[in-house]
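Based on the provided sequences and hints, a complete structural model is requested.
One line per chain: the protein sequences are A and B, in this order. Count along the first sequence from 1, add 147, and you get the number used in the numbering used here. Count along the second sequence from 1, add 391, and you get the number used in the numbering used here.
Simulated from the structure, these hints should not be mistaken for lab results. Some hints here could point you the wrong way.
Simulated coverage check for chain B against chain A, where a stretch passes if three residues somewhere in it have a Cβ under 8 Å from a Cβ of chain A [what the hints assert, rightly or not]: (1) 425-437; (2) 441-454; (3) 494-506.
For glycine and all other residues, C-beta sits at the position ideal for the given N, C-alpha and C.
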Amino acid sequence: DAKTTQPNSMESNEEEPVHLPCNHSTISGTDYIHWYRQLPSQGPEYVIHGLTSNVNNRMASLAIAEDRKSSTLILHRATLRDAAVYYCILRLNQGGKLIFGQGTELSVKP
Amino acid sequence: DGGITQSPKYLFRKEGQNVTLSCEQNLNHDAMYWYRQDPGQGLRLIYYSQIVNDFQKGDIAEGYSVSREKKESFPLTVTSAQKNPTAFYLCASRNRGQGYAYGYTFGSGTRLTVV
Numbered sequence: 148d149a150k151t152t153q154p155n156s157m158e159s160n161e162e163e164p165v166h167l168p169c170n171h172s173t174i175s176g177t178d179y180i181h182w183y184r185q186l187p188s189q190g191p192e193y194v195i196h197g198l199t200s201n202v203n204n205r206m207a208s209l210a211i212a213e214d215r216k217s218s219t220l221i222l223h224r225a226t227l228r229d230a231a232v233y234y235c236i237l238r239l240n241q242g243g244k245l246i247f248g249q250g251t252e253l254s255v256k257p
Numbered sequence: 392d393g394g395i396t397q398s399p400k401y402l403f404r405k406e407g408q409n410v411t412l413s414c415e416q417n418l419n420h421d422a423m424y425w426y427r428q429d430p431g432q433g434l435r436l437i438y439y440s441q442i443v444n445d446f447q448k449g450d451i452a453e454g455y456s457v458s459r460e461k462k463e464s465f466p467l468t469v470t471s472a473q474k475n476p477t478a479f480y481l482c483a484s485r486n487r488g489q490g491y492a493y494g495y496t497f498g499s500g501t502r503l504t505v506v
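See the structure below:
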């Protein structure tokens, strides 16, 4: 199964942009790139997903490299409520399975 | 409001006992998934079901069983064969009919502790 690689942790200041990187060098042509975030003792929350083109929604933007081997989740203005573990995940075509990695723990300083 | 309900939120089990975790959704989603999360780790797939009366093993299915008799319900049984069942269990669902225009919805989890 294709895997993702993310930094274990990142820090940001409140109201500054945050760029969370993800490498997925073994991605196949039909795998979607999903991002979820999880607060302690809660279920993951959907953030954004994409296939080839960059995507924007009310929560974040997703920038996908041209060769699709990496992507970056962009939070335009970090707030204290954005502190969470962020997972970059490949959605595999077979059964629509999400394969989770270790995630990046984002801390936001006031 | 539509969503996924997992119950109970906390569950304690004695060694050697089977226990069933509930997962109910009113989103009319076709596919449902069970994940296990250990402290400081990502989620690992236990079982998934794409339609009623059908399910497939995930990466760590040993010691677990599921059923999918109704579209809304996907209960997970943790059997005595599961050697290390203490973990946080998460249920998720997805509407296959919408393709991948939408993400997956997760429940709030059940924390199982073996005592």
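*Violated constraints from the hint list, given by number and in increasing order*: Of the numbered hints given earlier, the structure breaks none, since each of them holds.
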